[in-house]
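Student: The chain contents come next:
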Amino acid sequence: MATTADPHAIDEATRVAMFRDIARARLFEQRAYDLFMKGLVKGTSHLATGQEAVAAGYAAAMRSDDYVLCTYRGHVHTLLRGAPMDALMAELLGRASGICGGKGGSMHLTSVRHGALGSYAIVGAHLPIAVGAAWSAQARGTGQVAVCFFGDGATNIGAFHEALNMAAVWELPVVFVCENNLYMEYTPIGEVTATEHPAADRAASYGLEGLVVDGNDPDAVYEVATDTVGRARDGGGPSLVEAKTYRHGGHSRADPGTYRPSEEVEEWISRDPYVRYPERLRDDGVDPATLEAIVAEAEAEVDHATNAATDSPVPDPSVILTNVWADGGSSWRK
Amino acid sequence: MAEVTYREAVTMGMAQEMRRDDRVYFIGEDVAAAGGVFKTTPGLQDEFGDRRVRDTPISEEAITGAVMGAAMTGLRPVAEIMFSDFYATCWDIVANQMAKTRYMTDGQTSLPLVLRGANGGGLRFGAQHSQAVENWAMAIPGLKVVAPSTPRDVIGLLAASIRDPDPVIFLEQKSLYPSKGEVPDGEHLDELGKATVVREGSDVTIVALAAMVPRALTAAEQLAEEGVSAEVVDVRSLVPLDASTILASVGKTARLVTVEENPRLCGWGAEIVSLVAEEGFWHLDGPIVRVTSPHVPLPSADELEDVTLPTAERVVDAVRRALA
Numbered sequence: 001m002a003t004t005a006d007p008h009a010i011d012e013a014t015r016v017a018m019f020r021d022i023a024r025a026r027l028f029e030q031r032a033y034d035l036f037m038k039g040l041v042k043g044t045s046h047l048a049t050g051q052e053a054v055a056a057g058y059a060a061a062m063r064s065d066d067y068v069l070c071t072y073r074g075h076v077h078t079l080l081r082g083a084p085m086d087a088l089m090a091e092l093l094g095r096a097s098g099i100c101g102g103k104g105g106s107m108h109l110t111s112v113r114h115g116a117l118g119s120y121a122i123v124g125a126h127l128p129i130a131v132g133a134a135w136s137a138q139a140r141g142t143g144q145v146a147v148c149f150f151g152d153g154a155t156n157i158g159a160f161h162e163a164l165n166m167a168a169v170w171e172l173p174v175v176f177v178c179e180n181n182l183y184m185e186y187t188p189i190g191e192v193t194a195t196e197h198p199a200a201d202r203a204a205s206y207g208l209e210g211l212v213v214d215g216n217d218p219d220a221v222y223e224v225a226t227d228t229v230g231r232a233r234d235g236g237g238p239s240l241v242e243a244k245t246y247r248h249g250g251h252s253r254a255d256p257g258t259y260r261p262s263e264e265v266e267e268w269i270s271r272d273p274y275v276r277y278p279e280r281l282r283d284d285g286v287d288p289a290t291l292e293a294i295v296a297e298a299e300a301e302v303d304h305a306t307n308a309a310t311d312s313p314v315p316d317p318s319v320i321l322t323n324v325w326a327d328g329g330s331s332w333r334k
Numbered sequence: 001m002a003e004v005t006y007r008e009a010v011t012m013g014m015a016q017e018m019r020r021d022d023r024v025y026f027i028g029e030d031v032a033a034a035g036g037v038f039k040t041t042p043g044l045q046d047e048f049g050d051r052r053v054r055d056t057p058i059s060e061e062a063i064t065g066a067v068m069g070a071a072m073t074g075l076r077p078v079a080e081i082m083f084s085d086f087y088a089t090c091w092d093i094v095a096n097q098m099a100k101t102r103y104m105t106d107g108q109t110s111l112p113l114v115l116r117g118a119n120g121g122g123l124r125f126g127a128q129h130s131q132a133v134e135n136w137a138m139a140i141p142g143l144k145v146v147a148p149s150t151p152r153d154v155i156g157l158l159a160a161s162i163r164d165p166d167p168v169i170f171l172e173q174k175s176l177y178p179s180k181g182e183v184p185d186g187e188h189l190d191e192l193g194k195a196t197v198v199r200e201g202s203d204v205t206i207v208a209l210a211a212m213v214p215r216a217l218t219a220a221e222q223l224a225e226e227g228v229s230a231e232v233v234d235v236r237s238l239v240p241l242d243a244s245t246i247l248a249s250v251g252k253t254a255r256l257v258t259v260e261e262n263p264r265l266c267g268w269g270a271e272i273v274s275l276v277a278e279e280g281f282w283h284l285d286g287p288i289v290r291v292t293s294p295h296v297p298l299p300s301a302d303e304l305e306d307v308t309l310p311t312a313e314r315v316v317d318a319v320r321r322a323l324a
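Sequences listed follow chains A and B, in order.
Numbering-wise, this note's numbering puts 295 at position 295 of the first sequence, and it's gapless, one number per residue.
Numbering-wise, this note's numbering puts 164 at position 164 of the second sequence, and it's gapless, one number per residue.
Calculated from the structure, these hints are not laboratory results.
Bear in mind the structure is a predicted one, so any value in this text is a computation, not a measurement.
Any given hint could turn out to be false.
Each pair of labels, with its calculated beta carbon distance range [as the list claims (entries may be wrong)]: (1) B:A34 / A:G141: 19 to 29 Å; (2) B:R20 / A:G39: 50 to 60 Å; (3) B:Q128 / A:S262: 46 to 56 Å; (4) A:S270 / B:A34: 18 to 28 Å; (5) B:D50 / A:S205: 50 to 60 Å; (6) B:E278 / A:E191: 48 to 58 Å; (7) B:P184 / A:A326: 18 to 28 Å; (8) B:A34 / A:T195: 30 to 40 Å.
C-beta atoms are modelled at their ideal positions from N, C-alpha and C, and glycine is treated no differently.
Using the sequences plus the hints, can you model the full thing?
Tutor: Below, the structure written as C-alpha cells:
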C-alpha cells in the first residue's frame, strides 16, 4: 500500500522544520564530502545525499526521548536527533572534541543523550538492538518508541527476520524503516531479492501491514511516521515501513556509482527533496525569505562546525586504553 | 549453610538478583514455563511473572540484540544461550556490537548484561553441543568471561556478573549441574577477577577452570599419596584475569601445570603460560606443562569423549613431567 500525504493537514511550522532539517543535513554532508576530498576526513564515508526526507519526516514525528538506531549511512539521522553539529564534524575529522572522542568515526556516530543509540556498520545488526530498546521502553512503561532505519540490503539477512518476528510477538514499540535506495551497495536490490518490495512485501510474514511511502516526499514520510510512531506509543506494536528513495552518489566515497543508468540517476535527482520541497512550500504560501534564511543559517552552522573541528586538537594517544570496560580500559591486566 | 546442586545454584543466584533489583529481566529459549532445558531456572516465571521472565523464539541474534538494546536503555537483562556453541549464531551481536559499543561511543553507554548458559563437554552431546568456548569470548576486548566450578561460586559470581556494568559471558559447565556443594545462607556476592586457591600446596601450581577444577583436585589427592604437594588455583574469571594470585602461587611452588578442556591451539592456558613466562620466569624451576583437549572437535561416544577431555590421570602425568 502506497501512502500519499495531504500536505495541508500538516501545520506550516512542522513543514518548515522539516525543510530546516533537510537543509542542515544536506549542507553538512556536502561539507563532509569536501573535507573527505581534501583528505581531512579519513577512512570511508557513506553519504545519504538525496535521502534526507526520510530522516526529516521521522524526526518531526518523534518525541525528544524516543530512540533512533541507524546504519553506517547515519550522519543525517544522528544530526536530526539533535546531536551537536560541531561534535559530529569533529568526529569525522578524528578530533578530540568529536562526539565519540575520535573512537567512532563516520560509521559509528552516536549521541546517547539525544536518543541516537548508535550507527551500526554491520548491515542489519541493529535491528535486534532496536527490539531491545523497545522492549526496555515497554518494560519501564515510559511510552518511548524506537525507530530503526536500515537499507534495503538489510532485508536479506537473518537478523532482519529474527528482529521483526520478536518485535511482533512481543508487541513492542518499534518502527522499522527501510530506506530503499534501490541498491545494495553496488548491486540492484531487485537482482538479489525475490520480492518487489524487499521490506514491505515481507511484512505479512510477521502479521504486519506492508507500508510503502515516497521517501523523497517529507510530507508523506511525516504522515506515515506520525501513524506508525503513534501506534507504537499507544501499544499497537511494531510497524515495517519501506521508504522508496535514492542516494545521489555511490555507496561510499570510493564508489562513483557508475553502475547506475544515467536516466535513472537523472530521474531521481529531479525529485531531490532539497530542491523540490522548498518549491512546494513556496507554492503553499511560505515566505521565501524564511526558506532563504534557513539555508543561510545552515551554511553558517556548517562553517562553524568545520572551523571548530579543524581547530580542535587530535586525541591524546593515552585514550586508546579508556572505556573498553566501565572500570577503565585494561587496568585489570597488569 | 545449605548443600545444593550447581543447577539449583543458578536458580538461586537469578532469584537473589531479581528480588534485589527490579531492573533485572530474564529471557531465553524454553527458560520460562519449562524452566530451562537443564532445569536451571524453574519457578522464576512463577515468582517474577511473565513480563520479567520470558520465553523467546529460537533467535539468538534477536535474543542477544534485545538484551543489548535493553541494557543501553535502563534494564539489567540476563539472557540464556542454551548451549554455548550457539554463540556462533549471534557472534556479530556479541563480538562486534556488545563488546565494542562502550569503546566506540567513548563511554556514552554501559552494557550491564549477562549471557549465561551451558558450556563444555562430558555429556556425550557431540561436537555442536559440547564446546568449551571461553577462548572465543576471551579474545574480544570489551567482554568479561566468567566460569564457576562450585555452587557457591555460581551464586556469588552470577550476582557479581549481573551487578557488573559490562557485558559478561557466564559459562556454566554442563557436566557440573548435578554436582553439590555448600552455599552461604542469605545474600551471597562474590567479586569478578579474583582467582581462588582451592587447595594449598608447595611443589606445583595447577591452574584450572570449571569442570577441570574437580579433576585437578582429584589429581592433587593422588599426587599427595606420592608425596607431591600440589596447589590448585581455580581461575573462575578469565576476563578480568587475576594474574597476581597465579603469579604468587607459582612464586611459591616454582612449577606450573594448566588444565583446560578446550582444544589446544590458542587455549586460555597458553595465555597463563605466557603470563608466567613474561612476569614469573625467574620463579620457575622446571618446564611448564599444559593439559588440554587435542585440537579436534569433541566426539560423542563414551570411549571417544572420555579420552579427548583431560582426565585426573593426565593431570597427574603432567605434574610428574613438570617435576621431572
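Student: So, for every hint listed, does it hold in this structure?
Tutor: Okay, the hints, checked on the actual structure:
Judged by the Cβ atoms, the range 19 to 29 Å given for A34 of chain B and G141 of chain A holds: they are separated by roughly 28 Å. In this structure, R20 of chain B and G39 of chain A meet the distance hint of 50 to 60 Å, their C-beta atoms being roughly 54 Å apart. For Q128 of chain B paired with S262 of chain A, a C-beta distance near 51 Å keeps the hint of 46 to 56 Å intact. Checking the proposed 18 to 28 Å range against S270 of chain A and A34 of chain B shows it is violated: the Cβ atoms sit about 58 Å from each other.
For the hinted restraint 50 to 60 Å between D50 of chain B and S205 of chain A, the CB-CB distance of approximately 25 Å leaves it violated. About 54 Å separates the C-beta atoms of E278 of chain B and E191 of chain A, a value consistent with the hinted range of 48 to 58 Å. For the pair P184 of chain B and A326 of chain A, the beta carbons lie near 27 Å from each other, so the given range of 18 to 28 Å is met. Our hint of 30 to 40 Å for A34 of chain B and T195 of chain A holds, since their Cβ atoms are close to 36 Å apart.
Hints 4, 5, counting from the list given before, are not met by this structure.
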